[in-house]
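**Student:** Residue numbers (the working numbering), protein chains in the order written: chain R, 1 to 101; chain P, 102 to 190; chain L, 191 to 519.
The hints are simulated quantities; they were obtained by calculation from the structure and are not laboratory data. Among the hints, erroneous ones may be present.
To be verified - Below, simulated BS3-like cross-link-like pairs (lysine-lysine); rule was C-alpha separation at most 30 Å, straight line:
id : chain 1 : residue 1 : chain 2 : residue 2
1  : R       : Lys98     : R       : Lys40
2  : P       : Lys156    : R       : Lys95
3  : P       : Lys156    : R       : Lys97
4  : R       : Lys40     : R       : Lys95
5  : P       : Lys156    : R       : Lys3
6  : P       : Lys183    : L       : Lys372
7  : P       : Lys156    : L       : Lys409
8  : R       : Lys95     : P       : Lys183
9  : R       : Lys98     : P       : Lys183
Stated by the list, open to error - Output of the computed footprint for chain P on chain R, the stretches with three or more beta carbons under 8 Å from beta carbons of chain P:
id : stretch
10 : 12-20
11 : 38-50
12 : 53-59
13 : 62-71
14 : 79-88
All values reported here derive from a predicted model rather than from experimental measurement. For each residue, glycine too, the CB sits at the ideal point set by N, CA and C.
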Amino acid sequence: MIKEVITVILLVVGCFFFLAGTLGVLRFPDLFSRLHALTKADNLGLGFIAAGMALHIASPWAALKIFSIWLFTLLASSTSCYLIARFQREQEQSKNKKERG
Amino acid sequence: MDGFFIIVIVFLLLNIALGLFRVWRGPTVADRLLTTQLFGTTGMAILLVMAGYLKDLTLLNVAITFNVLAVLLVIGLVQVWKKKKGETP
Amino acid sequence: MSVLIDSILAILAVYLALQCLLAPRLTQTVFIFFAFGLALALAWVRLGAVDVAITEAAIASGFLGVLFLDALRDFSFTAPNKRENLEAVHDPLSRNDTKSLLLPRLALWLGLGLFLLIALEAVWKIPDGGGLTAAAEALLPESGVEHPVTAVLLNFRAYDTWLEIGVILLGLLAIFAVGGIKLYRKPGVAADDPLLRQVILFFTPVLFLFGAFLLYFGKTGPGGAFQAAVLWGAIGILLHLGGRPVFSVIPRWLGQLLLTVGLVFFLVLGFLLMAGGGALFEYPPAHAGVLILIVETLAAISIAAALTAIFANLNQMKKEEPNEIESTN
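Generate coordinates for the entire structure from the input sequences, incorporating the hints supplied.
**Tutor:** Structure follows, in structure tokens:
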């Protein structure tokens, strides 16, 4: 019983962060702030949902897999945040150079 | 409990549908690429919840597949489009 | 209650498919296609076909995404001052000659309607007993594996799988025929970013391990050669993008061997089995498990090599003659 309540709470919190991430992607004014919203909030949301489901499924192997999913997502997401931001900055710089020259 | 899982899945699906708006709008290609990250993360969350809802642990493998390939698209964009800059006259 | 999920997935899939076709810009199309792949993967999961879901996830989100990005870059690269061309690419019917297109349009609509009717009829007539499921399940002990899908793919209908490997190789040959063999050339740009190099170095063994896991897991559950092959092919693509192209590092004969080993081994095995008195691909039940595992591994290596080669060749091919293409426009 108490396990189910904790699962529900974790999933609801996860959903909240997903909604926050999506709203950030939709509403923020430029790419860099959108990146910030997406790569932080969504990962946290995934973390909460992963924790909730690991608790619900309650099998050690599945928990290990779910945990590794979250870990890889953190790694991939933060790296891609950096890569996209750098890509965008380079694009903007070369565009500015072209406009000036 | 199952009803609750269904609500969560539907909520996350609607999240993806909302994110489509940015694919449509996004002024630069990087904006659009960003949404693929959103879809990937949300899709993984849906698959995790579905694994509990359908009681099928092999769905975790689908989630891991999405997971390990998510970074490929970003590296693809960064490396493939970077070459363009050096070559344009 | 779960019909809610199904209906949303169905609406999403159809809507995304339409958007893919109708979106006014190519960049929109490419990224909507990614979302379409995700929706399809979720739909396959709901239909209980986890094998297909893994393949869809791997191909749509990984391989096709990178290929499309590569193609997209060439579009914006070959016509930098004709950007309006790129925007107009999806609006093929210009307004002045709609009349001459009336007949083809009518034919297209009629054909589509007919196709839909046939599809509806096929759905209507799905047999109650689940088709050949019972037959496949009954023969499962003889097949050497425990998962019916793998048994069908690599034992009962191994002929099909063998030809599919051939089809992928044929696709590579077609690309060679169109653009020339650019496979063994080194790409100009190496990954100069330390973080990029590190993430490639981290994900290479992860991709390899998970691919090997899927390959072996195919014996008992959803997984198998094609899924593993896409993951292993992703290794080749990552290394290519990181400036370490596999095919220009290893000797040429080794590359050719990797590309063909799956097809050739399959063929030799089939003929040996025929020489032993059986039919083509009729494995002896005692050794079927081991044989299937060997065949799957070699097939996965071949398909992975072919996918890597397709991407590497396409990536090398188009950045060659930008001025020529531009002048012909």
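**Student:** For every hint, state whether the structure bears it out.
**Tutor:** Hint by hint, here is what the structure shows:
{"no.": "1", "hint": "R:Lys98 - R:Lys40", "verdict": "violated (34 Å)"}
{"no.": "2", "hint": "P:Lys156 - R:Lys95", "verdict": "violated (52 Å)"}
{"no.": "3", "hint": "P:Lys156 - R:Lys97", "verdict": "violated (56 Å)"}
{"no.": "4", "hint": "R:Lys40 - R:Lys95", "verdict": "holds (29 Å)"}
{"no.": "5", "hint": "P:Lys156 - R:Lys3", "verdict": "holds (17 Å)"}
{"no.": "6", "hint": "P:Lys183 - L:Lys372", "verdict": "holds (20 Å)"}
{"no.": "7", "hint": "P:Lys156 - L:Lys409", "verdict": "holds (20 Å)"}
{"no.": "8", "hint": "R:Lys95 - P:Lys183", "verdict": "holds (13 Å)"}
{"no.": "9", "hint": "R:Lys98 - P:Lys183", "verdict": "holds (16 Å)"}
{"no.": "10", "hint": "12-20", "verdict": "holds (count 4)"}
{"no.": "11", "hint": "38-50", "verdict": "holds (count 8)"}
{"no.": "12", "hint": "53-59", "verdict": "holds (count 4)"}
{"no.": "13", "hint": "62-71", "verdict": "holds (count 5)"}
{"no.": "14", "hint": "79-88", "verdict": "holds (count 7)"}
Against the hints set out earlier in the document, violations occur for numbers 1, 2, 3.
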